[in-house]
Every structure is written in C-alpha cells, then in structure tokens.
Amino acid sequence: MKLHQLVIKDVVRRKRRIFYSALGVVVGTMTVVAILTMAAAGEARIYNQVDKYGANLTVVPAISNVDMKIGDLSLGILAVGENYISDDKLMKVRQITESKIRESTCASAKAEDTALSPKLYINTTVRGVSVTVVGIEPVEESRIKTWWKVHQGEYLTNANQAVVGAIAANSLKLNVGDAITLNKTDVVIAGILDETGSNDDYQIFVPITTLQKEFGKDSLISSVDIRVPCSACPVQYIVDDINQGITGVRAVSVKQIAESETGIMKRMERFMLALAGITLAVGSFGVASTMMSSVHQRIKDIGIMRAVGASRGQIITAFIYEAFIVGVLGGIIGYLAGTLLAYAIGPIIFAGATVTFLPQYLPLSFLLAITVSTIAAVYPAYSATKIKVADSFRSL
Amino acid sequence: MLKVNNVSKSFGSGSAKVTALDDISLRVNQGEFIAIMGPSGCGKTTLLNIIGGLEQPSSGEVILDGQRIDNMDENALVSIRRDRIAYVFQSYHLIPSLTALENVLLPMTFRGANNERARAMGLLEKIGLKERAGHKPGELSGGEQQRVAIARAIISRPSLLLADEPTGNMDQKTGREILALFNRLNKEGQTIIMVTHSLEIAEGASGVIVLQDGQIKSKKNVSCTKN
Chain A
1 MKLHQLVIKD
11 VVRRKRRIFY
21 SALGVVVGTM
31 TVVAILTMAA
41 AGEARIYNQV
51 DKYGANLTVV
61 PAISNVDMKI
71 GDLSLGILAV
81 GENYISDDKL
91 MKVRQITESK
101 IRESTCASAK
111 AEDTALSPKL
121 YINTTVRGVS
131 VTVVGIEPVE
141 ESRIKTWWKV
151 HQGEYLTNAN
161 QAVVGAIAAN
171 SLKLNVGDAI
181 TLNKTDVVIA
191 GILDETGSND
201 DYQIFVPITT
211 LQKEFGKDSL
221 ISSVDIRVPC
231 SACPVQYIVD
241 DINQGITGVR
251 AVSVKQIAES
261 ETGIMKRMER
271 FMLALAGITL
281 AVGSFGVAST
291 MMSSVHQRIK
301 DIGIMRAVGA
311 SRGQIITAFI
321 YEAFIVGVLG
331 GIIGYLAGTL
341 LAYAIGPIIF
351 AGATVTFLPQ
361 YLPLSFLLAI
371 TVSTIAAVYP
381 AYSATKIKVA
391 DSFRSL
Chain B
1 MLKVNNVSKS
11 FGSGSAKVTA
21 LDDISLRVNQ
31 GEFIAIMGPS
41 GCGKTTLLNI
51 IGGLEQPSSG
61 EVILDGQRID
71 NMDENALVSI
81 RRDRIAYVFQ
91 SYHLIPSLTA
101 LENVLLPMTF
111 RGANNERARA
121 MGLLEKIGLK
131 ERAGHKPGEL
141 SGGEQQRVAI
151 ARAIISRPSL
161 LLADEPTGNM
171 DQKTGREILA
181 LFNRLNKEGQ
191 TIIMVTHSLE
201 IAEGASGVIV
211 LQDGQIKSKK
221 NVSCTKN
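Going down the list, the sequences are from chains A and B. Taking my numbering, I'd label the letters of the first sequence as residues 1 to 396. Taking my numbering, I'd label the letters of the second sequence as residues 1 to 227.
Hints in this document: simulated from the structure, not taken from any laboratory. One should not assume that every hint holds.
Stated by the list, open to error - Restricting the straight-line Cα-Cα distance to at most 25 Å, the calculated cross-link-like pairs of lysine to aspartate or glutamate (DMTMM-like) are:
#: 1; chain 1: B; residue 1: Lys126; chain 2: B; residue 2: Glu32
#: 2; chain 1: A; residue 1: Lys388; chain 2: B; residue 2: Glu131
#: 3; chain 1: A; residue 1: Lys388; chain 2: B; residue 2: Asp70
#: 4; chain 1: A; residue 1: Lys89; chain 2: A; residue 2: Asp186
#: 5; chain 1: A; residue 1: Lys388; chain 2: B; residue 2: Asp83
#: 6; chain 1: A; residue 1: Lys300; chain 2: B; residue 2: Glu32
#: 7; chain 1: A; residue 1: Lys386; chain 2: B; residue 2: Glu74
#: 8; chain 1: B; residue 1: Lys220; chain 2: B; residue 2: Asp65
#: 9; chain 1: A; residue 1: Lys386; chain 2: B; residue 2: Glu144
#: 10; chain 1: B; residue 1: Lys17; chain 2: B; residue 2: Glu32
#: 11; chain 1: A; residue 1: Lys2; chain 2: B; residue 2: Glu131
#: 12; chain 1: A; residue 1: Lys386; chain 2: B; residue 2: Glu61
#: 13; chain 1: A; residue 1: Lys89; chain 2: A; residue 2: Glu261
#: 14; chain 1: A; residue 1: Lys9; chain 2: B; residue 2: Glu61
#: 15; chain 1: A; residue 1: Lys388; chain 2: B; residue 2: Glu139
#: 16; chain 1: A; residue 1: Lys119; chain 2: A; residue 2: Glu154
#: 17; chain 1: A; residue 1: Lys217; chain 2: A; residue 2: Glu140
#: 18; chain 1: A; residue 1: Lys9; chain 2: B; residue 2: Glu139
#: 19; chain 1: A; residue 1: Lys2; chain 2: B; residue 2: Glu125
#: 20; chain 1: B; residue 1: Lys130; chain 2: B; residue 2: Glu177
#: 21; chain 1: A; residue 1: Lys15; chain 2: B; residue 2: Asp70
#: 22; chain 1: B; residue 1: Lys17; chain 2: A; residue 2: Asp391
#: 23; chain 1: A; residue 1: Lys9; chain 2: B; residue 2: Glu177
#: 24; chain 1: B; residue 1: Lys219; chain 2: B; residue 2: Asp73
#: 25; chain 1: A; residue 1: Lys300; chain 2: B; residue 2: Asp65
#: 26; chain 1: A; residue 1: Lys386; chain 2: B; residue 2: Asp83
#: 27; chain 1: A; residue 1: Lys149; chain 2: A; residue 2: Asp88
#: 28; chain 1: A; residue 1: Lys255; chain 2: A; residue 2: Glu43
#: 29; chain 1: A; residue 1: Lys2; chain 2: B; residue 2: Glu74
Said to hold, decoys possible - The following residues of chain A were derived to be distant from chain B, with all beta-carbon distances above 10 Å:
#: 30; residue: Ile70
#: 31; residue: Ala159
#: 32; residue: Ala274
#: 33; residue: Ala307
#: 34; residue: Phe393
Glycine included, C-beta positions come from ideal geometry on N, C-alpha and C.
All chains, full assembly: derive it from the sequences and hints.
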C-alpha cells in the first residue's frame, strides 16, 4: 500500500466532506469558465456579424452632432452636415481605393476586382407598412453579399424590379410577380432572398438609379460599401486617405469597428475575471476551513500515523494529495457548471450569440482548481504536523 | 538494551507545577518482559511515553541500544519509530478506513516498503485473524482489533515493544488471549514493556516496577541502578 492509496481510501470514506471542500473551488472555476466561454461567444458573434456585412470599409456622409445647451440643460442633439454623398465624391473614393491597392504589395490583388457598392436608403411605406427601401448597384452589391441566394424568382435584371428580404416578404405578404408602388412608380418583385440573419431580411432592394429618380435624389447616395480583393489589402490606408482627401465624408473600417467593440468586451472581461479571481480566493478560504476542520477531526488518525513512523513530510504530502483530489473534482465540476452557466445566460447577455462548448478551458479549469486547493491546504497541512503524538491520544 | 537514567517530568510551572515522574532510573535487558504497575495518575503512561520518544523528560536521559533518544530531533525520532520502537495502545488506534491487513501494513507504507503483503498475511495468520484480513476495524471485536494492533506493531520487527494497558478495555477472557499473545512474542525474544493494572499480567512478567506519585515504590527482578 502506498501513501496515495492510503489517501484515496480516506477520501472515499469521507466523500461527502471532500465534496463540500471541492464546492469551494467549484464556484470560482465555474465563474472563470463561464466568463471566458461567454466572452468567446460574444466575440465570435461580433466577427460573425462583420463577416456577414461583407464589406471591409464603409464610407458615409460626415455628420457631426452638436449638443445644444443652455448652461447645463440640453435642448437636444443637432445633426450638422450633409445626409448624402454626391456622385463625384464616389468617383474620388474609387480612385483612392484602387490606387492604394495598386500601390500595395499584395501580388494577387487586382484593383479592378474591388467591389464598390453605393447605396441609397429611403424610408417609405409599402402596402401601408413603413419599410426601408435600399437602392443598390445590382452587380456590385452581389459581389459584396456573396452569400445572397435568391430563394424564389430571380435577381435584379432591369430597372423596374425589386428583390425582397425574407422577413419583409413574409410580413408584407409579397410574392414573386407582385407589383409594389414606390412613390408613384410600380416595380415588380423579381425575387425573394433567403434569410441571412442580418438587416437585409427586413429590406426591399431596387436598382439605385430607379430610387434616385423616383425620390428626387439624383446623383445622391447614402453610403458606399467597399470590399477589397485580398485580405492583405491596406484597408486602414484607404480609410485614412479617404478621410483626409475628401471633405464631407467619413470612412470607417469594419474591422476597426469590430476591434473597438471587442476592445470594450475585453475590458469588461478583465473586470469580470478580476471578480472571478476574488471568488476563487474566497473559495480557497472555504477549502482551507473544511480542511482545517478535517485536521481537527483526524487528530487521532494523524497521531496514529506519526506513532507508526510517518514523517512530517509524509503527513504534508498526504494533505497535498487530498488537495489535489479536491482540485481535480472541483476542476471538473467547475468546468461543467461554468459551461452550463454560459449556455444559460450567454444568450441573455449577447443577444443572438451562440455559446459553444470550449474544451480548451478544461485544462485551465483544472489548473485553477488544483492551484487554489493546494494553496488552501498549506496551512491545514502545516498545522497537522504540529500535532504531538502523545497529545493526540490524550485528547481522546 | 534500555537505560533510563534519573528521568524526571513535570508539567506546568510555579505553584501549578505537577511532578509526574521524580528521578526514575531503570534498566531493561534484551528479551525481558517488564510490567509497570501503580495507581491511576502515578506516571505510568508518562514513563512509557518518554521511553518511546513520544514525550521528552524535563531532566534525565533515555538510552536505547547505546543511543540517547530523549533529546533526538524529529527526523531521528521518525526513524526510531520506524525501526526500533513500536506501540500498542489501550484503545487499539486502528485507522477506520483501512482493512485489518492494510492497518498491519501501515508502518510499511511510511517506510516505503510495498512488498510486505505476504508477511502481513503471515502475521494475521499467526494471531488467528487470517480470515478477517479484509474486515475494517468497525467489523472486528475489541480483542480482534487489539490483535491487529499487535500485528501492526511487530511488522517492523522493533527491538522494543511498548504496550499501554493493552487489555484495559477487555473482558477477562479476551484479556487472557491478548496476554497469551504477548507472552508468545516474549518467548520468541521480543522485549516488552507494558503498563498494566492487572496482577495476573504482572505475575507472568519477568520483572515488575510499581510506581507511586512519580517514584518507584517497589520492584521485582528489575535493576534500578544507573548505568
């Protein structure tokens, strides 16, 4: 019989107490695993949305918000600036983008492959329901939204057609071949898109020129989405050059938006992990106190072991083994409970996020639980070695 | 083999000072069976604990096989307990989570000797508990538990076996069986020092010391001189 076998037998006999001891570390590891799993889900959701967006950068009219104040009283926000970008600026945007890509070292990239899709957003009513109609360049848009699939009918082929997002089609009860009236002109529904999980599902798409003519927005666009032809293309340089070279517009890189959003999340995550760290520390006190009481309960056993030749080191080792078992148990339970917790509350915190089971946090969970329980065992183990054999029998 | 020279032990200090042992000297030779008797509180157990290195004397010295053990450090005492001195207690002190066999093997566990299973089984057979090897202390009678404790004490082949009222918790019949076991071990050459209340045991012993108020009141066949 070896020392660890002795410890295992003892642990099996005192399984309930060992379980309570493990609960001390479970709470902490559970919190850490839950936070990390949820954060991973939240981040995946942001990058997933970025991917869905398709474009690498977006150019919008430069609008600044002026806070109208009398002393400390706010009268509201006044938007200053143009709501549209004119066609000539679109030309400049294209020039800057293509020249930057040509300058770049990305060998496979052809500047002509850049997808540059201007859009015009108009809010109007269709069949009595308020809806956003989007004017697009059909070919350019389909090069950005590569995942678009026409579910019924066909894609836009001429000026007086429309394709409808899946949810809009459903709620407006639109079918292929139906005519809808935009302002004064009728357009025919050419196709209905597959559901994409994005805003597109709620919108109606028509060729941009049709929309510009119908609503008196000749040569005006609301935004430009740009998809660069390679992943190494200098998106940030393009953004900087557009912002410096063209007045009245503002370019943003989608990655930048995602990064600033994930940056906020990372900061939140760090804060939460700090709290989880405190939970772990508190848990370790719980473990230490259950172990301390188990030392008191086992004064006699420890005395017997000392009397038959156990050294102080062996007594400490026995407690470390016990702490290890508590840690392994706490690590497994903590990991499972943390993952379950993430499944339960992850979707509430990040709407639409898909929490996935992340096995890479299992070793981390073990590491945390074992470290915490071992640290917690140090003092009880030390005090167990202070037990005098003669006293341990006298007290009984 | 064992010399106890001028050992005194007191607890507390000042007016609360209690003297448990007062200038005790005695010698025990190889193969002897010494009984220590006396009324409760006379210092019997304290003397046994000092001989076994479980307590330290206030003054005096204990010499085992020519080596002073009363002032040894912790590590040296560990090796004394592993190889030279073994204890049998009044209330058995078996580990409840271990079987009889595992309890017998316990001293070997701490010595790192893992191949003593056959020897432990042999000892259980010798004390008549081979069939009970897989039972836990809670499933054994008092006499059986004490026999297991004796097997645990002798598995490390100690030069000195100390027993503190080993039959104190037993009825007469069981007590006699345990005593017979001690006598058998003694005949095989085991040196034994036993604290007891029983006159019957004392009569069977090779020597007897009677303590009273921490001093030797009378003795039979025991040398109580120094050196």
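Tested hints:
no.	hint	result
1	B/Lys126 x B/Glu32	holds (21 Å)
2	A/Lys388 x B/Glu131	violated (35 Å)
3	A/Lys388 x B/Asp70	holds (15 Å)
4	A/Lys89 x A/Asp186	violated (30 Å)
5	A/Lys388 x B/Asp83	holds (19 Å)
6	A/Lys300 x B/Glu32	violated (30 Å)
7	A/Lys386 x B/Glu74	holds (11 Å)
8	B/Lys220 x B/Asp65	holds (23 Å)
9	A/Lys386 x B/Glu144	violated (32 Å)
10	B/Lys17 x B/Glu32	violated (34 Å)
11	A/Lys2 x B/Glu131	holds (23 Å)
12	A/Lys386 x B/Glu61	holds (24 Å)
13	A/Lys89 x A/Glu261	violated (29 Å)
14	A/Lys9 x B/Glu61	violated (40 Å)
15	A/Lys388 x B/Glu139	violated (29 Å)
16	A/Lys119 x A/Glu154	holds (21 Å)
17	A/Lys217 x A/Glu140	holds (20 Å)
18	A/Lys9 x B/Glu139	holds (17 Å)
19	A/Lys2 x B/Glu125	holds (23 Å)
20	B/Lys130 x B/Glu177	holds (16 Å)
21	A/Lys15 x B/Asp70	violated (40 Å)
22	B/Lys17 x A/Asp391	holds (18 Å)
23	A/Lys9 x B/Glu177	violated (31 Å)
24	B/Lys219 x B/Asp73	violated (32 Å)
25	A/Lys300 x B/Asp65	violated (30 Å)
26	A/Lys386 x B/Asp83	holds (22 Å)
27	A/Lys149 x A/Asp88	violated (32 Å)
28	A/Lys255 x A/Glu43	holds (12 Å)
29	A/Lys2 x B/Glu74	holds (22 Å)
30	Ile70	holds (80 Å)
31	Ala159	holds (87 Å)
32	Ala274	holds (41 Å)
33	Ala307	violated (5 Å)
34	Phe393	violated (7 Å)
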